Amino acid sequence: MSTQSSGETPGFGPDLVEVFGPSQQDGGPELVQLLTPEGERVEHPDFSFDLGDDAILGFYRDMVLTRRIDTEATALQRHGELGIWAQLLGQEAAQIGAGRSLRPQDFVFPTYREHGVAWCKGVDPLDLLGLFRGVDQGSWDPADNNFGLYTIVIGAQTLHATGYAMGLQRDGVVGTGDPDRDAAVIAHFGDGASSQGDVNESFIFAASYNAPVVFFCQNNQWAISEPIERQTRIPLYQRALGFGFPGVRVDGNDVLATYAVTQAALQRARDGQGPTLVEAYTYRMGAHTTTDDPTRYRLSDDLERWKLKDPIARVKAYLRRNGVADDSFFADVQQEADDLGHRLREGCKALPDPQPLSMFDHVYSEMTEELVAQRDGFAAYLESFEGAH
Amino acid sequence: MSTQSSGETPGFGPDLVEVFGPSQQDGGPELVQLLTPEGERVEHPDFSFDLGDDAILGFYRDMVLTRRIDTEATALQRHGELGIWAQLLGQEAAQIGAGRSLRPQDFVFPTYREHGVAWCKGVDPLDLLGLFRGVDQGSWDPADNNFGLYTIVIGAQTLHATGYAMGLQRDGVVGTGDPDRDAAVIAHFGDGASSQGDVNESFIFAASYNAPVVFFCQNNQWAISEPIERQTRIPLYQRALGFGFPGVRVDGNDVLATYAVTQAALQRARDGQGPTLVEAYTYRMGAHTTTDDPTRYRLSDDLERWKLKDPIARVKAYLRRNGVADDSFFADVQQEADDLGHRLREGCKALPDPQPLSMFDHVYSEMTEELVAQRDGFAAYLESFEGAH
Amino acid sequence: MATQGTQRITLAKGLNMGLRKAMEDDPKVLLMGEDVGKLGGVFRITDGLQKDFGEDRVIDSPLAESGIVGTAVGLALRGYRPVVEIQFDGFVYPAYDQIVCQVAKIQFRSQGKLKMPMVIRIPFGGGIGAVEHHSESPEAQFAHTPGLKVVACSNPVDGYWMIQQAIASDDPVIFLEPKRQYHADKADLDESATPEPLFTSRVVRAGTDATVLAYGPMVKSALAAAEAAATEGKSLEVIDLRTLSPLDMAPVYESVRRTGHAVVAHEAHVNLGMGAEIASRITEQCFYSLEAPVLRVGAFDTPYPPSRIEEDYLPDLDRILDAVDRSLEF
Amino acid sequence: MATQGTQRITLAKGLNMGLRKAMEDDPKVLLMGEDVGKLGGVFRITDGLQKDFGEDRVIDSPLAESGIVGTAVGLALRGYRPVVEIQFDGFVYPAYDQIVCQVAKIQFRSQGKLKMPMVIRIPFGGGIGAVEHHSESPEAQFAHTPGLKVVACSNPVDGYWMIQQAIASDDPVIFLEPKRQYHADKADLDESATPEPLFTSRVVRAGTDATVLAYGPMVKSALAAAEAAATEGKSLEVIDLRTLSPLDMAPVYESVRRTGHAVVAHEAHVNLGMGAEIASRITEQCFYSLEAPVLRVGAFDTPYPPSRIEEDYLPDLDRILDAVDRSLEF
Ligand SMILES: Cc1ncc(C[n+]2csc(CCOP(=O)(O)OP(=O)(O)O)c2C)c(N)n1
Ligand SMILES: Cc1ncc(C[n+]2csc(CCOP(=O)(O)OP(=O)(O)O)c2C)c(N)n1
Ligand SMILES: [Mg+2]
Ligand SMILES: [Mg+2]
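Residue numbers (the numbering used here), protein chains in the order written: chain A, 1 to 389; chain B, 1 to 389; chain C, 1 to 330; chain D, 1 to 330.
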């Protein structure tokens, strides 16, 4: 019923639109790749990775540590220490590539899964756990690292990002040519989010005002149980064409390419050349969250195929093959990951529960009389129990 | 601040996006035109007008009568008989071209300005006045003519249209090859509406399900006081490219071209080939509504230029030049218009005010006890006044 | 233990069975929403239905709530009876415009020529340890909207019947499901029974000293409160409101006129919650019977807090008893 | 007639002057919305401001309310103080999700680290002979949302001061403007006066027999009702509530304890309207002073009808007097 017939109607072009999805293709010819799954560096006519091997060592470390944050948090959820966890397994390169291309003055609007970007921005991973443990709703100060709070309502943050970018324009920190001054915004979202009105409206506003924002979509092929084909029948990066700004698809499992493309897109934004859509083509190797069961809706074959494209393995292969790193490097990183894991484990368990009365704080900038009365009444009520026991 | 610099960033294409608007261009090379403003028929490689001169005579009559409906209603508003009126002056060709390309089984989801399409679908123009007079909110039965109620919330109806089209698919009346059976839906909206989340979501749903719907956008260059440049920086028909279905720009002041293009798009839909975006490039020659004052925001020069492209004048020129119609034809149409005007004038004044108690009807399929009580209480209250006088 | 002809089911199962029955009975019934197909919904309420009724009748939608409800409007206009699942209460707001301006008003706008037989299922309420936006109680906003009907089920058997009745209704129904109860208690369903009409409230425990009104997840707490009060010699009448718009107030007035005391409990915060309307109506109708003002028990007037303190935020048995005591001692 | 140092202004003018003053005082104040620039808004409230403050500070937005409010959130996060105009009450719903899930919650979510100093101006209410969606009274929905503040002005002088105070507030404020009054009555503005605080209600006519509570467009009707009642020897106290969230109830309780009778009037329909909350609170706090239940006067619980019968739908002087009489005769 919803199949598409082929043929051609004059004036409208080919009837058979390209149906694009995880089971059919590997990202297609548009995919910008600079490091193959086998760990070989390749050239691309438009994008190149202009940092040295030191940076790649750093990326490797970032990815390993980010993955450790993820597996540790997943384990903490299994042990009842977190209520839920949104895993990023498989998306490390997309996030580290994007995260490392940011300058300190660039501002990030994340979803609920941007643990790797948070890492790059200097947010303590322990701070990320509070929300998932249920002790807060995001405890870090966005002003500290220019990393916004996690946003759970799908797509909402893309408009915030666009508005923030409009603020940068008004502050005169776009297109001045001063690299320490010019700033941009990056808005993270998923393939599923691309269907939300808010995301499409953010494209409209960004285009209309030529706002310095990079829309960074991690197409991990799934929105919970729904495959990318439900959201779009053409490659997602092409969505941008309809709004009059460039879109590009990068291999999101290739940290070099993701870095190079995002960095170029951010530079366009900082230079006053407006928005770009970057589609990081990747795969959610884990479940949607720890409460999800992907075996109900996807084939294990897919997962196996994507495992061959593991973002960390390919960098490791590159580093090894080219003698950039030796065993001691890998051992050090491993040790660092173990230490981080340990710190997260202990730190998570020690995260204090909020005080019940704290729920009345910060509803408003000053507590209203109504809320003071409710808080005081509740405090008295709680005390009445203490008396009783 | 929101200017766009030129140049080229590798991989992203040209930085200077095409800025497209009423003051700069006449529709550009993409514009499908089959009848020039001077009334000369021209060829187009992809689209042709395949009806005879009889049909053009009919279109002429439709446009003249539609314009009369419009001027009459505008006058009625000036005389206090209508609260407001949304004028279509200048958009007659877009609406008649689209309206006449519909088959009886095709369903229309209009905005508040589709008086010409209503005309083609057989809705009595008098029925359109009730909403603007404030005696009802749309009095015609959509089932009678497959013409939905006017929708005032911008863009909402494009989703209804898409859902209705999904219903056609489920009813098996798409792509059967039976011309009396296969049906499509047309969703009307404006250039401003293209920025609403709902409209973009309707593109997503229609593409995802390959729904038989034609998105018919009358780009009349203005959304109240906002020019098209505020909504898009590329030609609007290209929006469709981002969603994976065809878009085409047609001269919306050319009834032949609008007919040909819309008819082809509808046929694609009926054949099961999915959605199309048709941008009818036109101009709102009047005010947004009778309460608007366009002199506050646009140049009279623009209007003068567009007057040269009047949709009715060019057909008249064609008919005259080629001897298709003589004076008596034009006189007859004029007479018919006068009669229609008269009927509307008298009919409008005679439209009865609703009974106050009718407001309790049809809130639900059966009146709830709560509402029965409110109605009865209000009836008693009203009676208490009658007693008093 | 199920007796003959009955089966023991959870609320999730009752809803699933009710949906299946409605789909069997009427080929025009469609399910739509995010993940309702292969996955069977994140709560598995639609489990197995796509497999049995196909992708045309159990429709996985793109991730856009306004789009889901808006296309459902179109399907309803074409003669279908769409049942929309909103994944969590907090995600109904992108569809709010379509719900209040279109779904609610199309019958009225068309003077009854168009019907809008749509059900919007919303798993609602808290207490499941979730992150933000997953524990909201948005009912008052919908009950405030003329043209919508709003019901809340509280137990497995009602779940089975009420979802079918809502689907059979020609009016749009906001159907609230207490998600915390989905997989909690079981009850005996007798499919051959005749259910009460949908838009009725029900006395679920008779009593004489005070009347406790509740719906959805709070019915269980209200019954537990009545149980506890009984041990102290207080007899509470508990009414499961079931329908929030229209309200079925006759049994409430009858009860309050007898007891002279009323407490309304809901998970939504108090300010402008259902309790405000119910208290106002009771006061208007039972003014001289009331021995105390109608007291309202609800969450505090703050956003839903982090889940570690949600049990402090949400009303419970103790807060209901506290209000009953305050009413009796007034 | 204006006295020295004062000028006679309409509500539209008061708002326009207040916006101008706020923009002069603080360069971070921005105006955003559909047609607010060259056109000065469809009601001309922002007339002349783009010309004087430029396109960067008076921003014509694409036609998308969620986009407008969502980008305003981003601008606020960057340190700006956006003032958003929603063109008509009925068009706020596409932005509802951003308002209730983001604008309202960002301070709370961030434990006060982020502020959300945004004003959302909504011309509200009916009586202007408009088509559907142009005459709504959506206040209860916003007042029900913790994290938002909600105020309604009723006269030109309040318009001037309250809009400035709302802009100066670090909390998000839903700012309701009675559109029917925009160009109606004039009043004397003394710009050198000191206004009362924003979140306070105000006794606008003293009386002894009954208390009438109103806000926005109904204040005028309430005052007219009091005038009419006076000719019949009944003395009504009229309170302009001004702030709907938080409510400033102290003057209300004080008044009702004296009069023993209260009537709340608003244009919104009664069911779950502001009147429900106000009646419930009065009953809770003044139970033994009340000689009758608090009566609510509002529109009927139907969608807004065609404008030819809107004056039947909306409450007016007579319906207020009718309620006062029913209260006094209770
Ligand atoms: C408005 C809204 N609707 C529904 C949800 C529930 N939900 C959470 S994540 C998700 C899927 C998101 O998919 P995608 O955008 O691809 O991001 P991913 O989780 O794959 O990173 C859904 C439906 C939500 N959070 N917000
Ligand atoms: C959701 C919503 N927002 C705002 C309005 C007010 N409004 C009515 S018409 C209009 C402009 C529409 O422009 P466009 O889509 O180009 O259609 P046109 O009127 O030019 O035919 C606006 C802003 C509305 N009706 N609905
Ligand atoms: Mg995804
Ligand atoms: Mg337009």
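Hint data in this document are derived by calculation from the structure and do not stem from the laboratory.
Keep in mind that a hint or two might mislead.
Computed spacing ranges between beta-carbons, pair by pair [stated by the list, open to error]:
| # | chain 1 | residue 1 | chain 2 | residue 2 | range |
| --- | --- | --- | --- | --- | --- |
| 1 | B | Val372 | C | Glu329 | 45 to 53 Å |
| 2 | B | Pro179 | A | Asp301 | 54 to 62 Å |
| 3 | D | Glu55 | A | Glu30 | 30 to 38 Å |
| 4 | B | Ser365 | A | Arg345 | 35 to 43 Å |
| 5 | B | Asp50 | A | Leu303 | 28 to 36 Å |
| 6 | B | Glu386 | D | Asp185 | 28 to 36 Å |
| 7 | A | Asp338 | C | Glu24 | 43 to 51 Å |
| 8 | C | Glu329 | B | Asp376 | 33 to 41 Å |
| 9 | A | Ser365 | C | Thr194 | 37 to 45 Å |
Mimicking DSBU-like on lysine-lysine, the simulated pairs with C-alpha atoms at most 30 Å apart in a straight line are [unchecked claim]:
| # | chain 1 | residue 1 | chain 2 | residue 2 |
| --- | --- | --- | --- | --- |
| 10 | D | Lys38 | A | Lys349 |
| 11 | A | Lys307 | C | Lys28 |
| 12 | D | Lys38 | D | Lys51 |
Partner residues aside, some chain B positions facing chain C, computed with beta carbon under 8 Å [as the list claims (entries may be wrong)]:
| # | residue |
| --- | --- |
| 13 | Asn146 |
| 14 | Val153 |
| 15 | Ala161 |
| 16 | Glu201 |
| 17 | Phe205 |
| 18 | Ser365 |
| 19 | Met367 |
| 20 | Glu369 |
Owing to the predicted nature of the structure, the values given are computational and were not obtained by experimental measurement.
Note that CB positions come from ideal geometry on N, CA and C, so glycine has one too.
Given B/Ala161 as an interface hint, is its Cβ closer than 8 Å to any Cβ of chain C? holds (6 Å)
Just to be careful: measuring from the Cβ of B/Glu369 to every Cβ in chain C, is the smallest value less than 8 Å? With a closest approach of 7 Å, the B/Glu369 hint holds.
Against the range 37 to 45 Å, how does the distance between the Cβ atoms of A/Ser365 and C/Thr194 compare: consistent or not? violated (56 Å)
Does B/Val153 hold up as a contact with chain C if the rule is Cβ-Cβ below 8 Å? holds (5 Å)
Using the C-beta atoms of C/Glu329 and B/Asp376, is the stated range 33 to 41 Å upheld? holds (39 Å)
Using the C-beta atoms of A/Asp338 and C/Glu24, is the stated range 43 to 51 Å upheld? violated (57 Å)
When you take the CB atoms of B/Asp50 and A/Leu303, is the distance between them in 28 to 36 Å? Given about 53 Å between the Cβ atoms, the range is violated.
A range of 35 to 43 Å was offered for this pair. Does it hold for the Cβ distance of B/Ser365 and A/Arg345? This hint is violated: roughly 59 Å between Cβ atoms.
Let's test the interface hint: is any C-beta of chain C closer than 8 Å to that of B/Phe205? holds (5 Å)
CB-CB spacing for A/Asp301 and B/Pro179 relative to the 54 to 62 Å hint: Roughly 44 Å apart at Cβ, these two residues miss the hinted range, so it is violated.
Checking hints one by one. Is B/Met367 an interface residue toward chain C, by the C-beta closer than 8 Å rule? violated (10 Å)
Verify the CB-CB distance for B/Glu386 and D/Asp185 against the hinted window 28 to 36 Å. Taking Cβ atoms as reference, B/Glu386 and D/Asp185 lie about 31 Å apart, which means the hint holds.
Comparing the model with each numbered hint stated earlier shows that hints 1, 2, 4, 5, 7, 9, 10, 11, 13 and 19 do not hold.
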